[in-house]
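Asks: Chain by chain, the residues:
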Amino acid sequence: MKPPPFDYHAPGSVAEALETLAEAGEHGKVLAGGQSLIPMLNMRLAAPGHIVDVNRLAELATVSVESDGVRVGALARHAQVERAEQVAAAQPLLRQALRLVAHPVIRNRGTVVGSLVHADPAAELPAVLILLGGSVRLARPGATRDVPAAGFFTGPLESALRPGELAVSALFPTLPPRSGTAFHEVSRRHGDYAVAGVAALVRLDDDLRVVTAGVACVSAGPVPVLVDVTEACGHRPAASADWASAARAVRDRIEPETDVHASADYRRHLTGTLAERALRDAARAASDE
Amino acid sequence: MTTKLFGEPVRRREDPRLLTGQGRYLDDLGEGAFEAAFVRSPHAHARIRDIDVSAAIDVDGLVAIYTWEDLPPLLAEPLPLLIPHPALTHGRTATPLARDVVRHVGEPVVMVVARDRYLAEDVCALITVDYELLKPVVGVEEAAQSAHLVHADVPGNVGAHLVQEVRSAAGLGAREAIEAAPHTLAFRLDIERSASMPLEGRGVCARWDADDRSLRVYTSTQTSTSVRMAIAAKLGLPLPKVEVIAPDVGGGFGVKIVHPWPEEVLVPWAAILLGHEVKWTEDRREHFVSSAHERAQTQFVRVGFDDAGRVLGLDVTILHDHGAYTPYGIIVPIITSTQLPGPYKLGAYRVEFSSVYTNTVQVTPYRGAGRPQAVFCMERTMDRIAEHLGADRTAVREANFIQPDEFPYDQGLIFQDGRPLIYDSGDYPGSLRMLKELIGWDSFDRTKELAAAEGRRIGIGVGCYVEGTGVGPYEGGHVQVTSDGRVHVSTGLTSQGQGHETAFAQIAASELGVPLERVSVVTGDTRRFGYAVGTFASRAAVMSGNAIALACRKVREKALRIAAEALEADPGDLEIVDGEVRVVGSPGVAVPLATVAVLSNPLRYAFDAEAGRATQFAGTSSFDRPPVAEGEEPGLEGRDYYSPIRSTFASGMHAAIVETDPLTAEIRILRYAVVHDCGNLINPMIVEGQIHGGVAQGVGGALYERMAYDEHGQLLNASFMDFLMPYATEVPFVETAHLQTPSPLNPLGIKGAGEAGVIPVSAVIASAVEDAEGIRISRMPISPSELFDLRRAAP
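Residue numbers (UniProt numbering), protein chains in the order written: chain A, 1 to 289; chain B, 1 to 795.
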């Protein structure tokens with residue numbers, strides 16, 4: 001469990017990082033928190049010729065609340081985002097999700113954008129980005145582009161990031177009034193990847209009736225699965241919405257797989273159960289707004 | 001400070017060192033050594049057609065590549081079958097590097113030595129092995145069907161077959177007794193694989209001294225003395241020229257008692273050949289696929305019992321998964337077979353096992369060593385009887401207990417040490433009474449009803465076991481008091497975290513009347529002690545503890561004799577207190593043990609003040625006798641061995657309360673209670689720590705851990721991401737109570753405690769989940785996904 005040989009680069013500026021990455025092309029890999037990349041290197045599941053370490057780029061270690069949402073820089077650690085009070089106030093789902101990401105020592109090192117780019121369908125943050133309709137900002141020398149979440153996750157461990165590009169930040173949009181969120185998951189052990197997990201978003205009108213309700217499910221398919229359950233739960237007051245019907249809709253929609261930890265049937269059942277819990281909590285949070 | 005330390009909860013002296021990074025584990029050694037890595041089989045069963053190293057030989061930093069063909073004759077043979085048994089008719093072991101056929105994923109095929117481990121792994125990746133694939137055999141049922149063979153010359157894949165039968169008092173065999181019984185039940189039970197999984201894997205570092213023609217080997221082992229003998233034999237070296245040292249060892253739990261591992265002979269061989277230090281540190285992936293696993297068994301049970309739940313006959317047939325090889329013999333299924341009756345008097349008992357080969361990692365003892373399976377079988381049987389009769393589960397157990405006045409109790413079986421299985425002491429009814437009180441057994445029905453009213457499902461479970469500990473044949477202890485007053489204790493067996501530096505020092509300090517600070521303990525270093533068996537089978541405290549006590553008593557006797565002469569007193573009037581020999585009742589008349597140590601050696605150069613001071617006690621030596629009298633030796637030291645007539649039997653009972661989520665099927669342990677009896681306690685804090693650790697491993701085995709092999713013999717979860725050892729967050733607080741029924745078999749009255757905690761946990765959790773769910777649990781471990789499946793299948 002030692003990595004194969006690679007050239008190590010530690011650029012001192014974003015511009016230099018972009019140049020290095022552009023030069024390395026498909027042989028380059030960005031090292032930020034290293035919580036997924038380092039194990040993959042040690043197990044020789046990845047063998048990039050060039051590692052571009054962005055840990056010196058303090059300008060990427062930023063978290064800011066902007067008019068349209070929370071912008072998280074590529075070097076912002078999970079723990080930094082989780083603890084930021086203004087982030088929790090602007091977009092509570094981030095803290096709700098980050099508390100479920102692994103363990104504190106991993107959150108101290110791992111990065112939010114790194115998790116998005118890694119695109120593990122069992123991870124929490126891709127589901128959050130999809131549910132909120134966020135985007136990822138990708139840069140290469142002289143150009144940047146924003147890719148909406150809906151098009152960013154293309155498969156298990158696959159994203160729209162092209163060789164030579166650096167994901168410099170992600171935007172998690174804030175919500176209109178009378179919106180509520182929640183994240184529920186079940187993992188085998190505390191902090192493990194979820195056997196099933198559901199992020200929920202519910203918006204109410206002034207009469208506390210459901211306007212929109214949706215969930216994003218992890219470990220439910222090759223990419224996070226977004227399910228609009230507005231129809232299923234009915235345009236009813238939050239307190240009497242048909243969350244059980246919403247849960248059925250979620251179970252029908254997802255395509256989980258069997259692995260060593262759980263059967264597909266169990267995951268399907270569990271995802272529905274968690275969807276119902278998460279939707280109820282999200283509706284309650286929206287009512288309390 | 002007091003010197004009566006035996007039985008005190010002394011804080012572990014090794015912990016500050018180990019907890020602050022001062023430990024020296026195998027990978028901390030060998031700075032500058034060449035490092036080895038192995039090309040291991042990616043297939044479960046295949047014939048090697050060709051090994052092509054041409055792409056690898058130009059790598060800068062490569063030192064050597066070895067295959068089976070390079071091995072000298074003694075090394076090219078299969079490794080030893082350590083513990084033969086007449087029932088093991090088809091024992092098979094592997095060669096250190098595969099010769100022609102590989103029989104599990106992970107079997108070593110090529111050894112690479114390079115300047116460092118990175119380069120060695122680069123080279124491994126460039127070596128191409130051409131395999132002809134053979135049909136793999138995975139799981140005991142496929143092995144028993146024997147459509148394909150793991151070893152071409154082992155018919156039916158059966159390595160061993162053994163039947164033991166104990167007839168009833170009336171002379172009935174178990175099957176007859178069952179036929180004649182008022183009630184009978186028959187069922188099948190399954191336990192899956194787990195593994196010792198020490199945090200530090202295996203590892204070897206070897207230094208050859210070409211001038212001295214001597215070899216020093218550090219290895220992360222549970223038996224340095226036996227590794228030494230194996231290396232000397234396999235490399236053809238004179239035993240006195242081989243030293244083997246176990247440095248700090250980060251856990252063993254059984255896997256490191258197997259010896260010699262291929263790497264333990266290959267690494268020293270390469271070091272001699274290359275004239276350079278060589279080391280190999282096992283990584284986690286290697287540990288999963290190339291060390292050892294345990295636990296997997298399928299059991300077919302038939303039981304006959306009366307209206308009170310008394311077992312009149314028990315007939316168990318076991319299919320034991322032995323993996324690809326049997327280097328450690330059939331100890332595990334023998335222990336399962338013989339420890340299965342536990343604390344009970346079974347009317348008649350028949351047990352039959354077939355130990356079958358599969359194309360998976362070999363099976364050798366893991367903490368508990370066959371007992372968790374035995375207890376799962378017996379305790380599931382007790383619960384089935386209770387269910388059948390509508391009786392309380394503890395009442396059925398009470399009806400079957402051996403009573404306190406029935407010791408010594410002969411179970412009529414032959415134990416793992418080849419000696420009769422005779423329980424020396426215990427109080428099983430007393431133990432169950434304590435447990436029921438601790439967990440609140442009698443009031444649980446009410447608790448359960450209250451929970452049900454809130455929509456919660458909770459259940460209670462219980463499990464009892466008896467554990468043979470302290471197996472022989474012997475251990476030794478050496479104790480030396482030097483002229484600075486320090487006491488140096490050594491014993492040959494090794495330490496892997498048991499707290500020997502503390503517990504053995506407590507024994508020595510108590511026996512010799514010296515402060516703990518003056519006692520140091522060395523274990524597992526063949527330079528200090530050459531004869532030993534090893535640390536396994538809950539034997540270290542019983543075996544070395546007693547040997548050290550006996551050695552201390554020799555030293556004490558000599559110290560009193562020498563001091564008596566110096567003080568012109570009768571040895572019977574002397575005592576040793578705080579490191580001073582003094583006349584009882586006259587504390588002023590005393591001589592320090594340090595001075596006695598000087599007096600014990602007639603060669604008395606005045607190196608230090610102590611030696612100078614001793615001359616005042618020297619007196620006039622008689623010219624009629626030599627300075628070292630006949631039958632005497634210079635020095636204040638003693639060596640003795642403890643060799644028990646047979647094992648001593650510890651026991652314990654556990655109970656748990658679990659909650660199962662009606663929707664998510666998650667299983668949570670709410671309370672866990674342990675009553676434990678290991679005779680006299682040397683250090684109650686260490687014993688509690690052993691129990692806590694054991695329960696933690698037991699929780700892993702009950703709810704989380706399994707070796708997920710697919711039908712091709714590929715291990716699908718060979719990493720800590722997917723092989724789920726419980727974290728602190730999954731292990732419940734363990735409530736403990738101790739019962740002490742001393743062993744009459746050894747001077748200290750102690751029994752082993754190392755394995756205890758793990759033994760009944762699967763049985764207890766199965767019992768509790770069954771109680772919570774009202775669904776029969778016949779297979780462990782159990783995950784939420786499996787509980788979900790059982791619920792859907794339930795009528």
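Accuracy of the hints is not assured; some may be wrong.
Computed from the model, here is a short list of chain B residues facing chain A with C-beta under 8 Å [unchecked claim]:
| # | residue |
| --- | --- |
| 1 | D283 |
| 2 | F300 |
| 3 | L663 |
| 4 | T664 |
| 5 | R668 |
| 6 | L670 |
| 7 | R671 |
| 8 | H712 |
| 9 | L716 |
| 10 | N717 |
| 11 | P732 |
| 12 | F733 |
| 13 | E735 |
| 14 | H738 |
| 15 | D789 |
Calculated Cβ distances over 10 Å to all of chain B for the following chain A residues [as the list claims (entries may be wrong)]:
| # | residue |
| --- | --- |
| 16 | P4 |
| 17 | H269 |
| 18 | R280 |
Everything labelled a hint here was simulated from the structure, so no lab data went into it. None of the values given here were measured: they were computed from a predicted structure. The C-beta atom is built at its ideal place from N, Cα and C for all residues, glycine as well.
Asks: Work down the list of hints and note, for each, if the structure agrees.
Replies: Structure-based check of all given hints:
For the restraint placing D283 (chain B) at the interface with chain A, the shortest Cβ-Cβ distance is roughly 4 Å, inside the 8 Å limit, so the hint holds. Proximity of F300 (chain B) to chain A is violated relative to the hint, the smallest CB-CB distance being about 27 Å (cut-off 8 Å). Contact between L663 (chain B) and chain A, as hinted, is supported at the beta carbon level, the nearest pair being about 5 Å apart and thus within 8 Å. Taking 8 Å as the C-beta contact cut-off toward chain A, the hint placing T664 (chain B) at the interface holds, the least distance being around 5 Å.
For R668 (chain B), the shortest C-beta to C-beta distance to chain A is roughly 11 Å, which exceeds 8 Å, and the interface hint is violated. Taken as an interface hint, L670 (chain B) does not check out: its beta carbon lies about 16 Å from the nearest beta carbon of chain A, beyond 8 Å. The interface hint given for R671 (chain B) is broken, as the beta carbon of that residue sits about 19 Å from the closest beta carbon of chain A, more than 8 Å. Interface restraint check for H712 (chain B): the shortest CB-CB distance to chain A comes to about 15 Å, outside 8 Å, so the restraint is violated.
Annotation: interface hint on L716 (chain B) holds; nearest CB of chain A at approximately 5 Å, less than 8 Å. Among the interface hints, the one on N717 (chain B) holds; its C-beta lies about 5 Å from the nearest C-beta in chain A, closer than the 8 Å criterion. Nearest Cβ of chain A to the Cβ of P732 (chain B): about 13 Å, over the 8 Å cut. The hint is violated. With a least beta-carbon distance of about 15 Å to chain A, the hint placing F733 (chain B) at the interface is violated under the 8 Å criterion.
Because the beta carbon of E735 (chain B) sits about 22 Å from the nearest beta carbon in chain A, more than 8 Å, this interface hint is broken. Because the smallest distance between the Cβ of H738 (chain B) and any Cβ of chain A comes to about 30 Å, over 8 Å, the interface hint for this residue is violated. Checking D789 (chain B) against chain A: minimum C-beta separation of about 7 Å stays under 8 Å; hint holds. A beta-carbon of chain B comes within 10 Å of the beta-carbon of P4 (chain A); the shortest separation is about 6 Å.
The Cβ of H269 (chain A) does not lie farther than 10 Å from every Cβ of chain B; its closest approach is about 6 Å, which violates its non-interface assignment. The claim that R280 (chain A) is not at the interface with chain B holds, since no C-beta of that chain comes within 10 Å of its own (minimum 13 Å).
In this structure, the earlier hints numbered 2, 5, 6, 7, 8, 11, 12, 13, 14, 16, 17 are contradicted, and the remaining ones agree with it.
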